[in-house]
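Peer 1: Sequence:
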Amino acid sequence: RSCQVESWLRREKDRSELWALPGCNVGGVVELTAGGGRFNEAGGAHTSDLLLQAKALLRPLRTNDWGATASVGHIRHRGVAGGPAYRDYYVNLPLSLSLRDDQVTLHSNVGWLREGATGADRATWGLAAETQLHPRVGLVTEAFGQLSRDSYYQLGLRFWVVPDRVQIDTTYGNRFGRGDQALFLRPERGLGL
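259 is the number that this note's numbering gives to position 147 of the sequence shown; each next residue is one higher, with no gaps.
Hints are computed from structural coordinates only; laboratory data are not their basis. Since we're looking at a predicted model, the values are computed, not measured. A virtual CB, placed ideally from N, CA and C, is assigned to each residue, including glycine. Honestly, I wouldn't trust all of these hints.
Unchecked claim - Just the calculated beta-carbon pair ranges, DEER-fashion:
#, residue 1, residue 2, range
1, Leu267, Leu209, 16 to 24 Å
2, Val184, Thr243, 28 to 36 Å
3, Asp177, Gly155, 45 to 53 Å
Input sequences plus hints: build the corresponding full structure.
Peer 2: See the structure below:
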């Protein structure tokens with residue numbers, strides 16, 4: 113029964129993106145999110161995406177136990193420079209495991225993506241770990257991708273500006289096996305309890 117805004121800025125050599133995804137928990141079990149992102153390419157081209165998502169809590173994560181959720185959503189991609197728009201649809205099944213009295217939390221995610229531009233169905237995956245270094249600082253590591261496509265990683269620090277209310281993640285990420293750089297800045301703000 114709370115709301116939050118998840119937002120992030122991602123910069124690459126010739127592209128940047130800015131996202132804002134407000135979401136609210138309805139009835140303690142379902143979270144509804146509606147928001148979007150804006151993309152700026154080198155040379156001045158830009159486009160935007162709109163996202164709608166519903167996430168259901170299947171099993172709450174408790175200390176030294178596991179939890180599960182399921183999410184379903186769609187992203188509407190606007191065409192660049194008058195090009196065609198298309199929609200992606202997805203389903204994700206995240207699982208989380210708390211270890212050492214919440215000092216370490218492991219996450220896995222398997223999913224499915226229907227690419228609107230190509231009509232292709234793709235399996236998606238993600239693995240992550242959060243390690244508490246201090247009550248207000250944590251280490252975040254993540255690897256994710258699509259089967260038979262590029263895979264990515266990111267590594268960084270999470271800082272709680274206001275405990276359980278406002279956090280900022282600053283991470284470095286890249287494609288596996290690539291030398292080009294990307295920087296992700298992810299401030300998140302939760303409102304309410």
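Peer 1: Does the Cβ pair Leu267, Leu209 satisfy 16 to 24 Å?
Peer 2: holds (20 Å)
Peer 1: Do Asp177 and Gly155 keep their Cβ atoms within the hinted range of 45 to 53 Å?
Peer 2: holds (50 Å)
Peer 1: In this structure, is the beta-carbon distance linking Val184 and Thr243 contained in 28 to 36 Å?
Peer 2: About 30 Å separates the Cβ atoms of Val184 and Thr243, which means 28 to 36 Å holds.
Comparing the model with each earlier hint shows no violations; every hint is respected.
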